[in-house]
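Model the placement of chain B on the given structure of chain A, informed by the hints.
Number of protein chains: 2
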Amino acid sequence: MQYYSYEMFREDMKELVDKIDFNPDGIVAISRGGLTMAHFLGIALDLRRVYTINASSFFNKVQQEIQISNIPELGGNQRILIVDEIVDSGTSMEKVYSILSAVNSSIDFKTACIFHKPTAQFKPDFILREASDWVEFFWEVDVVKSLREEQK
Amino acid sequence: MQYYSYEMFREDMKELVDKIDFNPDGIVAISRGGLTMAHFLGIALDLRRVYTINASSFFNKVQQEIQISNIPELGGNQRILIVDEIVDSGTSMEKVYSILSAVNSSIDFKTACIFHKPTAQFKPDFILREASDWVEFFWEVDVVKSLREEQK
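Just so you know, the sequences run in chain order A and B. Under full-length UniProt numbering, the first residue of the first sequence carries the number 1, and numbering increases by one thereafter. Under full-length UniProt numbering, the first residue of the second sequence carries the number 1, and numbering increases by one thereafter.
If you're looking for bench data, these hints aren't it; they were derived computationally from the structure. Do not take every clue at face value.
You can't tell identical chains apart in this list, so a pair holds if it fits in one copy or across any two.
Said to hold, decoys possible - Lysine to any residue pairs mimicking SDA-like chemistry, simulated, CA-CA at most 25 angstroms apart:
hint	residue 1	residue 2
1	K95	E11
2	K19	S101
3	K61	E130
4	K117	M8
5	K61	F138
6	K110	G90
7	K14	Q64
8	K152	T119
9	K152	M8
10	K61	M1
11	K152	D21
12	K95	M8
13	K61	K123
14	K110	S98
15	K145	W134
16	K14	Q2
The shape of chain A in the complex, shown without the other chains (with noise of 0.2 angstroms):
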């Protein structure tokens, strides 16, 4: 088990602004994970247009599928970022990036993730850490461990 702490967040921020040689118009945060790192690179890279989509995994009999739906109206933009805290399997990324594409034609996209895992089938064009173990982020730990603890 791997924590992410913020201040390690705040460093990767920098040095993800800094690897980003694309100039977005505007980021597409898969919900829930990526939204957080969406908030901060949309004001590190100064982008009012911060849109989110949703992508629930869940199981079927024979596999893992994933759910897409409240997909951005992303008219206007001709260069899209979109972004997610890590890349696993790599199937709601993949996912994400197939729709947006399919429905935005004249779009260029990129992708970006904090972690990523070697064994996915999808790989970001940014990616900063390799995920060898399960991560605990700040975002998913901070608040609830703390509330646990004040409970008992």
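Same frame as chain A, but now just chain B:
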């Protein structure tokens, strides 16, 4: 000028989770300001349905106008919490609240913010702090200021 740190935010989110006696099915973040807040609350309240709506303000010849776009599809929800980081004039949250209520007459909406200005024309149901001064949020300055210093 008041700096709002990650540590303050983390404690505030714990307080907000305790305050919310509402049992929402989902959260709508006003983008960009409410994104990090919605991410943390979505996880702390165990809600996968975290949506966003875009509100951008611009000045026409006479007054400030708020343009709302990417209205999320909220079908299937009974109770929704709308969140933003600060309610300043109150026009953004009021407009988002009105539009979402008009489109979804069967949904019960409640609203939450971190900072509220006493002069605002809209008062959310859940408020954490009163804003007497300009607030610098950690998501606005922690990455940007540090990038600027490195470039010097």
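For each hint, the structure was consulted:
1. In this homomeric assembly, K95 and E11 never come within 25 angstroms of each other (Cα to Cα): the closest approach is 29 angstroms inside a single copy and 36 angstroms across copies.
2. When the C-alpha separation of K19 and S101 is checked against a cutoff of 25 angstroms, the pair qualifies only within one copy, where the shortest distance is 23 angstroms, while the shortest distance between copies is 41 angstroms.
3. When the C-alpha separation of K61 and E130 is checked against a cutoff of 25 angstroms, the pair qualifies neither within a copy, at 31 angstroms, nor between copies, at 51 angstroms.
4. Proximity of K117 and M8 under a CA criterion of 25 angstroms is satisfied intra-copy only: 18 angstroms inside one chain copy versus 33 angstroms between copies.
5. In this assembly of identical chains, the alpha carbons of K61 and F138 never lie at most 25 angstroms apart, being 33 angstroms within a copy and 44 angstroms across copies at closest.
6. Taking the closest pair of Cα atoms, K110 and G90 come within 25 angstroms of each other only inside a single copy of the chain (15 angstroms); across copies the shortest separation is 35 angstroms, beyond that limit.
7. Proximity of K14 and Q64 under a CA criterion of 25 angstroms is satisfied in neither setting, with 34 angstroms inside one chain copy and 33 angstroms between copies.
8. In this assembly of identical chains, the alpha carbons of K152 and T119 never lie at most 25 angstroms apart, being 39 angstroms within a copy and 40 angstroms across copies at closest.
9. In this assembly of identical chains, K152 and M8 lie within 25 angstroms of each other by CA distance solely across copies; the values are 22 angstroms between and 29 angstroms within a copy.
10. Proximity of K61 and M1 under a CA criterion of 25 angstroms is satisfied in neither setting, with 29 angstroms inside one chain copy and 56 angstroms between copies.
11. In this assembly of identical chains, K152 and D21 lie within 25 angstroms of each other by CA distance solely across copies; the values are 20 angstroms between and 48 angstroms within a copy.
12. Taking the shortest Cα distances, K95 and M8 never come within 25 angstroms of each other, neither inside one copy (28 angstroms) nor across copies (37 angstroms).
13. For a Cα distance limit of 25 angstroms, the shortest separation of K61 from K123 qualifies neither inside one copy, at 27 angstroms, nor across copies, at 47 angstroms.
14. Only within a single protomer do K110 and S98 lie at most 25 angstroms apart by alpha-carbon distance; the minimum there is 11 angstroms, versus 35 angstroms between protomers.
15. Proximity of K145 to W134 under the C-alpha cut-off of 25 angstroms is restricted to the intra-copy arrangement: shortest distance 17 angstroms within a copy versus 31 angstroms between copies.
16. In the homo-oligomer, the alpha carbons of K14 and Q2 lie at most 25 angstroms apart both inside one protomer (21 angstroms) and across protomers (23 angstroms), since each shortest distance falls under that limit.
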